[in-house]
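If you read the sequences in order, they're chains A and B. For the first sequence, full-length UniProt numbering assigns the number 1 to the initial residue and increments by one for each residue that follows. For the second sequence, full-length UniProt numbering assigns the number 1 to the initial residue and increments by one for each residue that follows.
Don't take each hint at face value.
[Said to hold, decoys possible] Going by beta-carbon spacing under 10 angstroms, a handful of chain A positions derived as facing chain B: (1) His8; (2) Arg19; (3) Arg57; (4) Ala60; (5) Gly62; (6) Ala71; (7) Ala75.
[Stated by the list, open to error] What the simulated footprint calls covered on chain B by chain A, stretch by stretch (three residues with Cβ under 8 angstroms from a Cβ of chain A suffice, anywhere in the stretch; the number is not a length): (8) 147-154; (9) 172-183.
To be clear, the hints were calculated from the coordinates, so they are not data collected in a lab. C-beta: ideal position from N, C-alpha, C; glycine also.
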Amino acid sequence: MSTNDDHHLDANAAGGALREIFSVDVTAAGTSCATCAHSFTFAEALLHAWAPGLVGRCPACGEVVFRLVRAPGRAWLDLRGTTCLDIRMPEGR
Amino acid sequence: MAGLVSRGFSGRRRTGDVKLPPGQYLTEDFPVLSSGPTPQVRTERWEFTITTETGAEHHWDWAALRALPAERFTTDLHCVTKWSKLGTTWEGVSLDTLFAGVETTAGYALAHSYGGYTTNLPLEDLLGGKAWIAFGYGGKDLAAEHGGPARLLVPHLYLWKSAKWVRGIRLMNADTPGFWEGVGYHNYGDPWREQRYWSD
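Next up, chain A with everything else stripped away, as it sits in the complex:
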């Protein structure tokens, strides 16, 4: 089976939705894929946005690393495809 992937963005396009949830810029976080252990910057994930939610896929193996669904007054974020996020935190306040 081959695939035809001409509909993805990079996960920077998920930045606005993620900023509604997190106080830091998650798109800059180091990300580890739970399927293939590939490490990449979150923004490098392949984003499929023409779907009932946002789906991010590993740029190496194509497996799902995050799913984000936004409803009025509520959001769901599934990160089971990600083993770790390496997040730079603001200090010195």
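The hints should help you fit chain B onto chain A, whose structure is shown.
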């Protein structure tokens, strides 16, 4: 080629003014939504499997599927992203036909697809003339972007339940959330009751 029967299938027929489920708007085109790359599945490699709760497997290849009695039917589509498309014409094999030789007491089904997508629904929603393995749309072969060569079609539920590129159905005694049901979308997804999210 097996016999072809036509069936006029529609939830609530419209006569003049359009009746849509709550919160939906009408569209004339056919939007393409997908949670990943479009699998390019060649029919010579296509297979479909029903796996029962005891592990018994029932397989069909493309020739076996197309040898079964097919139906042409017209139905309305309702996507959870709020568009509805009315009067779409399809060709496919009823799940009643595929399940005719399947022994099961399971209450739940998990459809799974080429590309990894899954969606869950009660087995009874696949039976009784309510669901098909569809391979034709608008008088033509079903395009890959719409789930071809074959997709599940369960039009009385929101369209995310109609798994594109369907590869099989696993029967289970316990319900298991699928790709979207596990991350906020309603477990059942009845558009007429506007069951979009967990909280609906």
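Each hint, compared with the structure:
At its closest, the beta carbon of His8/A sits 8 angstroms from a beta carbon of chain B; the interface hint therefore holds under the 10 angstroms criterion. Checking Arg19/A against chain B: minimum C-beta separation of about 19 angstroms lies over 10 angstroms; hint violated. Restraint check, Arg57/A versus chain B: the minimum CB separation of about 6 angstroms is within 10 angstroms; hint holds. Hint status for Ala60/A relative to chain B: violated, with the closest Cβ pair at about 14 angstroms, above 10 angstroms.
Because the closest C-beta pair between Gly62/A and chain B is about 7 angstroms apart, less than 10 angstroms, the hint holds. The criterion of a C-beta within 10 angstroms of any C-beta in chain B is met by Ala71/A, whose closest approach is roughly 5 angstroms, and the hint holds. The beta carbon of Ala75/A is positioned within 10 angstroms of a beta carbon in chain B (closest approach about 8 angstroms), and the interface hint is therefore held. Residues of the stretch 147-154 of chain B with a Cβ under 8 angstroms from some Cβ of chain A number 0, which does not satisfy the need for three, so the listed coverage is violated.
Remark: the stretch 172-183 of chain B is confirmed as covered by chain A, as 4 of its residues place a Cβ nearer than 8 angstroms to a Cβ of that chain, reaching the required three.
Checked against the numbered hints given earlier, this structure breaks hints 2, 4 and 8; the rest are met.
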